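Number of protein chains: 2
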Amino acid sequence: MPISQILPQLKSLFGDRMTTNAGVLESHGRDEGSLPSAAPDAVVFVHTTDEVSQVAKLCHGTGVPIVAFGAGTSLEGHIAAPQGGVCIDFTQMNKVICVHEADMDAVVQPGITRKTLNAHLRDTGLFFPVDPGADATIGGMCATRASGTSTVRYGSMKDNVLALEVVLADGRIVKTANRARKSAAGYDLTRLMIGSEGTLGLITAVTVKLHPIPETVTAAICPFPRVEDAVDCVITAIQTGIPMARMELLDALSMKAVNQYSQLNYAQAPTLFLEFEGSSVAVAEQVEMVQAIAAEHGGTDFQWATQSEDRARLWAARHNLYYAGLALRPGCRALTTDVCVPISNLAECIHRTHQAFEASALTGLILGHVGDGNFHTLILFDPDDAQERQEVERLGADIVAQALALDGTCTGEHGIGMGKTKYLTAELGEPAVDAMALIKAALDPTHILNPGKIIPTAPK
Amino acid sequence: MPISQILPQLKSLFGDRMTTNAGVLESHGRDEGSLPSAAPDAVVFVHTTDEVSQVAKLCHGTGVPIVAFGAGTSLEGHIAAPQGGVCIDFTQMNKVICVHEADMDAVVQPGITRKTLNAHLRDTGLFFPVDPGADATIGGMCATRASGTSTVRYGSMKDNVLALEVVLADGRIVKTANRARKSAAGYDLTRLMIGSEGTLGLITAVTVKLHPIPETVTAAICPFPRVEDAVDCVITAIQTGIPMARMELLDALSMKAVNQYSQLNYAQAPTLFLEFEGSSVAVAEQVEMVQAIAAEHGGTDFQWATQSEDRARLWAARHNLYYAGLALRPGCRALTTDVCVPISNLAECIHRTHQAFEASALTGLILGHVGDGNFHTLILFDPDDAQERQEVERLGADIVAQALALDGTCTGEHGIGMGKTKYLTAELGEPAVDAMALIKAALDPTHILNPGKIIPTAPK
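Listed in order, the protein sequences are those of chains A and B.
For the first sequence, the UniProt record's numbering gives the first residue as 1, with consecutive numbering after it.
For the second sequence, the UniProt record's numbering gives the first residue as 1, with consecutive numbering after it.
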């Protein structure tokens, strides 16, 4: 059904908070990835769960698609509206509802970003740890099962959410759990919704776990002769039980890009970015142990950043890598892909990826959340050159195929969206994808929630 | 359809591994809880995934119920067969398929018990941490989303399983994930199956996370003036970021029972059982910090157990509490209930529970995984006395009602089974329970998988 039939109702519900302005529509159909954008037909800026429920009821009755929108920082076309419909923008539904300091949790609206939440928490001595790089919204991070640099220590969104409030496709409001730290009461609707990318429900409140801000934090970088040496160092550190806070790997070309972009002069070698945290005694012990382990693998040239400004500079270099990579070739865009393998296969997977880059005319950089076996590539290409677009596609598919062959996943943290639906069956098999399609059909029988994402087809 | 119609096929598939012996049937319909037992019509002892798939296909086609059986240690009637049918006994499907030391994971068959798995792992320096007390099977622990004394440090089954192989109701075999440490590839079928109590699928392989055996482990007990003091000590320790390995609370009557049963002479006061682990430096620091925190809350009389035998004795006293409690009143049985609340509400919830016991003719003991806000009660009753049975029911319902009123759950770790289906809607509301029923109907349309558990009715 064309959206025009529900526009009057949307207008009367939202007034000025509903728009069909072309510029606004366009900006809501484009994420930070390299897939083509697709604008919705209307955008509503919601303030309450009840409003979300009313939009769902309208769309459920008429078959109009709904796409949820947070910060727009996803990478696999999650927020594109290929079938048009209503975009629900959650950015004005961004309050902290409640902080429970003794329980170390907070209830927030989905549109709050992680940095705003952490700023709000500063005086409590607590923080929310999941850090995907981008200043994404908490709701969006739930929807994509986000993780990032701190996941090796604190886990991903699936580990840091206690409960959700979710509006189903038909407008009913579901509480997935309460604030108890654990529960064995029925199916885990919380985890089912986390990572469902807006295809099973619309997240309207999130109860997140918080953690104590550590007493001491120290960071360091250390170059290694080869990627394998860096990875072996990480494996040994983890097996030794050292609770590292962050363990990031940048390959030699990434270090070159960082140096050029940020006017630094780090060694152009595979390099670990490490962070240690805890009590001062515990950090001192961790530092000593990791230095000894690194030395066994040829990593001896540690550069330390103990002061908070030095750490900020070090991590800024890491977090700016996307822009540093783009600057290697002015005017280019980058395909940011994302795979994750068992850590014992990580060096091999990176090695095969480097070989694929060497055999290609395109340039690729590798950076990884190495403690989790997760890495990204930035493959630089000219978006106006059809041959390069084809080559970058081929390389992306090749990297995924290598990861799957090494018992890995086609996405460690970016999600399936539209960009990776083609890999899901190769990864998990037809029965698993069909089980997902059955669940999708059960909870969203008219297929209005973010159509075309994860499960683009009906169950068999 | 009566099972008699598929018995010949089961016989030809399983030969001597299929039985209708009355004693075997009876023992497969009874768990360790206090609910009435209900025997299946036949038991098959499976060896392979393919056999499980064949049983499912037979039952799916004929509407015969299937109940999965592991160690039989569940407490809420999970393994009862109120509609008869086939019990699939997994205890002979109990191999370690593969241990990946570098990746710190293992792939196991579902019938292996946690103690057998840990004995197998001993030489690797790794262990599987989830400890529900009973020597349950890994498959059963997945099915009930088990947790226990070490969950405050290592999480529950949902946090310690990377992937499952599951046979669906129609016999199709699903791989829920691969061995990558994290994935954002589609719906989290792993977590959906964990805690589904055999109602959505039959678990035929489990990839578990392993952890390094800590260098140093030290345990202690410390009595406190009041339950509130012990809980406040725990809250402060957690907020301080001390990574405690175990934090258990026993109330004064539990300590009396422990003393009598194990010939000990601990103080008859609310007591914390604590365990510290890590490097020797880290443990020494944790011990010092926790002693200082405990002293602020009136806990000064620490008794330490550093040697492995002393620790074993200390934890045996805790783990034997069920029998110690029963011994307080020879011939009685115990209702073991299980609730979990936000930790800031824990002292209040325990206080209300103690008040309920004081107002009752029955005796109740309280013990808790206090770091998680989870506690159990043992309420002693005479199973042959109808009035006592009624009173124990009333008390159990009252404790759940208190927990729900304090933003908690009707079960932290024992699950819903048949015993707690009546509380699920009160806890999560009708839309949530209906969403569960929709998922159940989608994946098991003929309702053959463990009927009567979690979701006893069809969706609205």
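FYI, nobody ran anything at the bench for these hints, they're computed from the structure.
The structure displayed is predicted, hence computed values, not measured ones.
Possibly wrong hints are sitting among the right ones.
A pair holds if it fits inside one copy or across any two, identical chains being indistinguishable in the list.
Claimed, not checked - Straight-line distance between alpha carbons at most 30 angstroms, and here's what the computed DSS-like set of lysine-lysine pairs gives:
1) K422 to K115
2) K95 to K11
3) K256 to K115
4) K57 to K115
5) K175 to K422
6) K422 to K95
7) K422 to K209
8) K11 to K57
9) K209 to K11
10) K95 to K256
11) K256 to K57
Cross-check of the supplied hints:
Proximity of K422 and K115 under a CA criterion of 30 angstroms is satisfied in neither setting, with 33 angstroms inside one chain copy and 41 angstroms between copies. Proximity of K95 to K11 under the C-alpha cut-off of 30 angstroms is restricted to the intra-copy arrangement: shortest distance 24 angstroms within a copy versus 62 angstroms between copies. For the identical chains of this complex, K256 and K115 are intra-copy neighbours only, at 29 angstroms inside a copy versus 50 angstroms across copies, given an alpha-carbon limit of 30 angstroms. Taking the closest pair of Cα atoms, K57 and K115 never come within 30 angstroms of each other, the shortest separation being 33 angstroms inside a single copy and 51 angstroms across copies.
Taking CA atoms no more than 30 angstroms apart as the test, K175 paired with K422 passes between copies only; the shortest distance there is 17 angstroms, against 32 angstroms inside one copy. When the C-alpha separation of K422 and K95 is checked against a cutoff of 30 angstroms, the pair qualifies neither within a copy, at 37 angstroms, nor between copies, at 35 angstroms. When the C-alpha separation of K422 and K209 is checked against a cutoff of 30 angstroms, the pair qualifies only between copies, where the shortest distance is 29 angstroms, while the shortest distance within a copy is 34 angstroms. Taking the shortest Cα distances, K11 and K57 sit within 30 angstroms of each other inside one copy (15 angstroms), while across copies they are farther apart (52 angstroms).
Taking CA atoms no more than 30 angstroms apart as the test, K209 paired with K11 passes in neither setting, with 37 angstroms inside one copy and 51 angstroms between copies. Proximity of K95 to K256 under the C-alpha cut-off of 30 angstroms is found in neither arrangement, the shortest distances being 41 angstroms within a copy and 49 angstroms between copies. Taking the closest pair of Cα atoms, K256 and K57 never come within 30 angstroms of each other, the shortest separation being 53 angstroms inside a single copy and 58 angstroms across copies.
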